[in-house]
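Asker: Given only the sequences and the hints, what does the whole structure look like? Please build it.
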Amino acid sequence: MPLKAFTMPKWGIEMSEGMIGEWSVEEGKPFARGEVIALIETDKITNEVEAEADAKFVRIVAQQGETLPVGALLAVYGDDEPSAEVDAFIAAFRPADARMAASDTEDMIAEAAAETEVPPAAPQIDDSLAISPAARARAESGHLDVSSIAGSGRGGRIMLQDVEQALRPPADPQLKGPFDAQGEGNGFASPMARRLAARHGVDLKALKGTGPRGRICKDDVLSAAGAGAAAPSGEIEIVAMSPMRKAIARRLTEAKQTIPHFYLRRRVRADRLLSAREAAGRRGSVNDYLTRAVALALREVPEVNIQVRGTEIHRIPTADIAIAVATNKGLLTPVLRSAESLSVEQIREAVGDLAARARSSKLKQEEIEGGSFSLSNLGPMESSSSTRSSIRRRARSSPSARHVRSRSTTTARSASFPCCTCP
Amino acid sequence: MAVMSIREAINRTIAEEMERDETVIALGEDIVGGMGTAGGPEAIGGIWGATGGLYAKFGPGRVIDTPISESAIVGAAAGAALAGKRPIAELMFADFVGVSLDQIWNQMAKFRYMFGGKTKCPAVIRLIYGAGMNAAAQHSQSVYAMMTSMPGLKIALPATPADAKGLLTEAIRGDDPVLFFEHKAMFGVKGEVPEGEHRVPFGHARLTREGGDVTIVTCGRMVNFSEKAADKLAADGIGCDVIDLRTTSPLDEETILDSVEQTGRLVVVDESPPRCSLAADISALVTAKAFSSLKAPPELVTAPHTPIPFARELERAWLPSPQKVEEAVRKALAFRS
Amino acid sequence: MSQLGRDDLLTAYRRMATIRAFEERLHDEIKTGEIAGFTHLYCGQEAAAVGVCHHLADDDYIVSTHRGHGHCIAKGCDVKAMMQEIYGRAGGLCKGKGGSMHIADISIGMLGANGIVGAGAPIAVGAAISAKLDGRGKVSVAFSGDGACNQGTTFEAMNLAVVLKVPAVFVFENNHYSEHTGVDYSVGTSNDIASRAEAFGMKAWRADGCDFFSTFEAMRDLLDHVRGGGGPAAIELDTERFYGHFEGDPQRYRGPGELDRIRESRDCLKAFRSRVREFADISADDVDVIDGEVGTLIDEATAEAKAAPPPPPEAVLEDVYVSY
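Chains as they are written, first to last, in my numbering: chain Y, 1 to 423; chain W, 1 to 337; chain F, 1 to 324.
Honestly, I wouldn't trust all of these hints.
Pairs of lysine-lysine, DSSO-like flavour, derived with a Cα cap of 30 Å [said to hold, decoys possible]: (1) W:190 / F:31; (2) W:57 / W:190; (3) W:295 / Y:364; (4) Y:218 / W:331; (5) W:295 / Y:218; (6) F:31 / F:270.
Counterexamples of contact, computed for chain W against chain F with all Cβ distances above 12 Å [unchecked claim]: (7) 59; (8) 96; (9) 316.
Going by beta-carbon spacing under 10 Å, a handful of chain W positions derived as facing chain F [what the hints assert, rightly or not]: (10) 1; (11) 35; (12) 43; (13) 304; (14) 318.
It is worth saying that the hints were derived from the structure and are not from the lab.
All C-beta atoms, glycine included, are put in the ideal place defined by N, C-alpha and C.
Answerer: Following this line, the structure appears as structure tokens:
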């Protein structure tokens, strides 16, 4: 057989590198199909690599215990080729680019890791560098090395946006991939309308557009889809998760796996809270009152107002409460600072501001970091709940993805405080 | 410093440059006026008065009154420039680029590139542009946006007498073809003009107001409108950066982007219809290169997508105004995402 | 005068007198500042416009110049609507959007005054192509001046008309000034424009544009030739401009006493009055009556234009496209 490479396999989307735990075969000794040839460890698993065919390695390149990226050359399959030929093969070997799909999450992991570490000293930005003043200031505050940034301004000048882009995780790829826009016979419709029409099985020819010059637009298709109650087609639609959703899923799983969980459930009669709120003219949601209650409780029971980092307990002087906000990109938990010092009215304003900015992706990094306590948002349920004299809700606080991300671990306590969620 | 009008500044600059460099020549319709008449040469000195006295000083060899033949005027300027002269041609109305477009667009703009950089075409075309004088659809247009889109041309639009001198000097001494736009409603605008040599490099915008809340990018006559709006807004505590581009090609991106990075709000004021306009160009630049700095969508203060009407009431409705600029600034500030 | 009856003559006189009165009224009114923009007066050239247009029907075409009021009136445009247009009124012939330089009335074959010197001739050739295709003997007339005769567009149009053998007529009104420059300076062919047309291969006439009869007769022969399928033709009319290039022009290029002299010796209205009395059964009274009626018409037109409402600002957005 001609010389052939045995490379670091890629198990799963997040695997970027692996460690040779053990070679189970020896150089020059044949092995049979199905035989274990090596043990490879990742940060998650140790896996046995089985031979795919009867073969032998003419050269084992990677050493036991060595950690190598996906695609790296581990050994060379062959017969009894001269050593020089094998050397040439190894020299000529170029690993395939294995970064592609993994890069999104890797960067996020790297970023999450970076947050827990002490930020490196800000690299010096050369005075003669073509960079806008705002970009320079941002690069300095963000400890960003701008030397590798290709500026988008005139003559390659680095603009604020370039710096912010470099400081930001990669964009969320949405609505990607090819789409059958259908033939021209479908009338004068916007691309979005065509896409939706295909998804909902709406016949564009039957629609009268309400857009400019009779163009069929999104709303026309959606209302037709609703009116006609067109049954969705039987096929399962597969939608790729955004990196953000992937990160949320991964971190919630991590939290679940690495933090001892226990649950306390309480039913609370909220009559007095509701009447107090009624008396205040219903300004402030039930949640705002709960936030205030949590803040006061944290002050009274400082043992709960902590973060656990490794073997240290960090006591937090103020009641910094993460408020869960559902956005169309996923759950965000901006942190309300010093909530114990705020009135319900002030909490209402502050939470409203945080939620609005969360939904428009305008939160600053420091606003989603820290805190010792998370509170689910009852927002959408609020109007119905206010009509009842008592609410029957289970209580559970929710450690959010972001929340977890800002700490090395979390405490049992934060997963167990009584407050409310829907039945 | 001497106080003079834009008209005088242009007139003196041409005279000084002709004095300084004998390859500088001037040509155009009625730039002398009265040729072949009983009144004799200089009976008018250009209908804008910007070329008066040149003929007497430099004679018919270098100050060339032409028949009404725009294509020939611009083409002759291009040819003379190829052959070692520095011509300053006048298009009595910028609208007449329509008549001479091939010579501007396919000839002078492209010579250097087409000829592999082996030549230069240091011609200056002065174009009198702009609305506000009820000169109707064929004598009021601001064609600078269309010209800005053309690689190979440089586009200058002075908003003050000092810049008229500085930019025109630079245009004449520079080695590339320059379209130098003079607003017909601004010839009488007076201001201080530096004595002696005064050059304003192309591609360096002028920050005429510093405010920090909203960035107003503009050029030509709209600078004045924008300053008026900015001054009014300043009284209400709203600070505007007003950027006079001076040249739309080359464009001073840095000044625009630096300001927007601070203010996060952009208003572009452009005396043109909106499509493919300077306003569209600047807002595209800013959204592309300072997207993350923007706190509000760019506001474009332009004319509507129509030709320029004649009647006073209609032309007023057509033109941007200080009032419209002020409204745009307030709208940009009121925006909440 | 065999082909001109009494009615013809009185109509021609009325048109020339109307142009004169219209323009002189504008000359006065512009000084008040009520009329905006640029205005170029046709006074002195009345015989040229009327002598040409007297031969034309509503379905013949003319394309005019920036000095277009005379052509409009000679072709039959509504004088009151013209006045409103110049005042920028909603009731103007072009709803106040065109103004003095862009008056048009396509319904009577007046394809527009034109602000661009030299733009008219190619347009007229297009109308002539249309006329030829229609085959009903219509003609298309391009009015140009001694300024426009130096534009490449005019040369191209003349050549195209000859090549296509279309019924186009190139009327060159030589008033001796292209804006503020003398024709001796600007027209290389020694103050002779007709020879240029001849050089392109068409027949050319020359006539006195300050004399209605001279213009009328030359145009009669010319149009016989063109309507008879002889292809395009040109005529150079020697005429005079009584006012400046535009209103406000100080006219320093004029010689001493030049204006008095041409008004004395080259006034087409004076010439017409004396000629009709020689040849026809028209009395001084007949002409005076017309002068009176024309005066009343212009008074009314001016008063109405002043009182008429301006266009509403939203009209700025209308009429850009047929549909969009």
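Asker: If a hint holds in the structure, say so; if it does not, say that too.
Answerer: Going through the hints against the structure:
A threshold of 30 Å between alpha carbons decides the hint, and for residue 190 of chain W with residue 31 of chain F the separation of about 26 Å falls inside it, so the pair holds. For the hint linking residue 57 of chain W to residue 190 of chain W, the alpha-carbon distance of about 25 Å falls within 30 Å, and the restraint holds. Under the criterion of a C-alpha separation no larger than 30 Å, the hint pairing residue 295 of chain W with residue 364 of chain Y is consistent with the structure, at around 14 Å. For the suggested pair residue 218 of chain Y and residue 331 of chain W, the alpha carbons sit about 28 Å apart, so the restraint of at most 30 Å is met.
The suggested pairing of residue 295 of chain W with residue 218 of chain Y holds, with an alpha-carbon distance near 27 Å, which does not exceed 30 Å. Restraint check: the Cα-Cα separation between residue 31 of chain F and residue 270 of chain F comes to about 26 Å, which is no more than 30 Å; the hinted pair holds. Listed as outside the interface, residue 59 of chain W is consistent with that label: its C-beta sits roughly 15 Å from the nearest C-beta of chain F, beyond the 12 Å cut-off. Not every C-beta of chain F lies more than 12 Å from that of residue 96 of chain W, the closest at about 7 Å, which undercuts listing it as non-interface.
Not every Cβ of chain F is farther than 12 Å from the Cβ of residue 316 of chain W; the closest lies at roughly 7 Å, contradicting the non-interface assignment. Given hint, residue 1 of chain W at the interface with chain F, is violated; its Cβ is 32 Å from that chain's nearest Cβ, farther than 10 Å. Among the interface hints, the one on residue 35 of chain W holds; its C-beta lies about 4 Å from the nearest C-beta in chain F, closer than the 10 Å criterion. Interface hint status for residue 43 of chain W: upheld, as the beta-carbon distance to the closest one in chain F is roughly 4 Å, under 10 Å.
The interface hint given for residue 304 of chain W holds, since its Cβ lies 6 Å from the closest Cβ of chain F, which is under the 10 Å cut-off. A hinted interface residue such as residue 318 of chain W counts as satisfied when its beta carbon comes closer than 10 Å to some beta carbon of chain F; here the least separation is about 5 Å, so the hint holds.
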